[in-house]
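S.K.: Okay, here's what each chain looks like letter by letter:
Number of protein chains: 2
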Amino acid sequence: MDVNIFLFDGFETLDAFGPVEILGKIDDYTLKYYSINGGVIASAQGTQIITEKVEYTSKDGILVIPGGKGTRTLVNDSLFIQALKETIEISSYCLSICTGSALVAKTGLLDNKKATSNKKAFDWVVSINPNVNWVKMARWVVDGKYYTSSGVSAGMDMTLGFIKDRFSEQKAIDIAKHIEYIWNEDSRKDLFAI
Amino acid sequence: MDVNIFLFDGFETLDAFGPVEILGKIDDYTLKYYSINGGVIASAQGTQIITEKVEYTSKDGILVIPGGKGTRTLVNDSLFIQALKETIEISSYCLSICTGSALVAKTGLLDNKKATSNKKAFDWVVSINPNVNWVKMARWVVDGKYYTSSGVSAGMDMTLGFIKDRFSEQKAIDIAKHIEYIWNEDSRKDLFAI
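Protein sequences appear in the order of chains L and G. No gaps in the numbering here: position 128 of the first sequence is 128 in the numbering used here, and each next residue is one more. Throughout, the numbering used here is defined as the position within the second sequence, counted from one, plus 1000.
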C-alpha cells in the first residue's frame, strides 16, 4: 500500500515527518512524496524536499496532508483544492495533521463529518467550513476514512491510532517503543484544547 | 545563530526533524541542511532532502546529528568521521539523536564524557567507543557542549532541554505548547532503558 504525502511550500515539518516516521515502520507501506507541480518544496523550517507531481498519486493509498502556514493561502487556491479533492477521492484513507484539516474541509468532503485541528488556529479553521462537525476537545478524530489531528505533534498520536485501527493495539505499541515515543493513546484527552 | 543539520543517506527521519521543528521556533536561529558532499540525501523513510556541502558549515553554530541505519556503515568511513570531527570542533554545541552518538563517539571527542544513545542499539554504540561514559538510564545527557539523546523521539525532549538551558524553562514550555507536544522534561526518566 502506498503512503502518499502531499506537501506544499510552508508546510510544518513535523506535521509530515512525525506520521512519516511511524508509517515508515510498516513493511508493506511505501512512502512517496508529492506536491501540486512536483519538484522542490520548502517546509516552514526551510527543509527542501524533492517531490513528484500529485497527479501521479496511486489509487487506494493512504494520503497524508500536513498543516502549516502555507495553508493560509492555499485554502483560497482553487486549483490546489480541486487537486486535493481528486486525490482524496481516489485514496482509501486521508490523514490530515494540524491545519491540514482546513484544506480537507475546503474540498467539502468533510461536510457533516467529525474533525479536529490545531487549537491555536481553531477559529480560523472552523471559519473555512462551518459545515464540518468540528470537535475541539480531541487529540485526533476519526470519521470513516478521515483521520484529523490537533496541532503538529498530535499527528504522531493519531498515526499510532491509525496503526491500531488497521492492525492492532500491540502493533502501535511496538512501533512507539521502537522509536522511544510515549504514545498519548487516548484520542479524547486533549491538554491543549483549553 | 546557525543550526547546522548534518544529514547522510539512511538517517532516521524523525531524529532530524523532531529537533528541527523545535529549533525552528527560535527566531534567532537559521536552519541549514548539510551532508558530506552536498546534493540530495535520502532518509531511511525515503525522504529526499537537498543539502549543501558540510565544509561550508558556519563556525559557532549548533550542530545536529541524527542517527539511523546509515550510521552502521558510517562509523567505518574515516573521511566522514574526520569531516564530522572538524565540524564539531568549530561548533558551539553538538546535539546528537539516537545512534548519532555512535558517530560522535567515533571521532574521539566524547572520550571521558557522559553520553547516551538508542536503547535497542545500546550495546553496539558502546562497542564503537568504550572510552565514553555511556549512561543507559537517561532520556538525554548533557556534558559540556555535547547533548546526546536516546532513540528517535527522545531527540525532541532533549532539544526542549537545550532550549531550557539556553533560554528558560518557560521558553521550552511555550514551544512545546505551540506544537502541542507533551514534553517529557525529566532527562533522567527513561521508560525504554530496561
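Any given hint could be a false lead.
[To be verified] Rough simulated footprint, nothing fancy, chain L against chain G, three-plus residues with beta-carbon under 8 Å:
hint, stretch
1, 1008-1022
2, 1033-1045
3, 1118-1131
4, 1166-1179
[To be verified] Cut-off 27 Å, straight-line C-alpha distance, at most; resulting in silico cross-link-like pairs (DSSO-like, lysine-lysine):
hint, chain 1, residue 1, chain 2, residue 2
5, L, K32, G, K1069
6, G, K1053, L, K164
7, G, K1085, L, K32
Note that these hints are calculated values from the structure, not bench results. Even glycine gets a Cβ: it sits at the ideal position worked out from N, Cα and C.
S.K.: Give a verdict on every hint.
M.R.: Quick rundown of the hints versus the structure:
1. 1008-1022: holds (count 7)
2. 1033-1045: holds (count 4)
3. 1118-1131: Result for this restraint: holds, n = 3.
4. 1166-1179: Answer holds; 3 residues pass the 8 Å Cβ test.
5. L:K32 x G:K1069: 20 Å, holds
6. G:K1053 x L:K164: 41 Å, violated
7. G:K1085 x L:K32: Status violated; Cα separation ~34 Å.
The structure shown violates the earlier hints numbered 6, 7.
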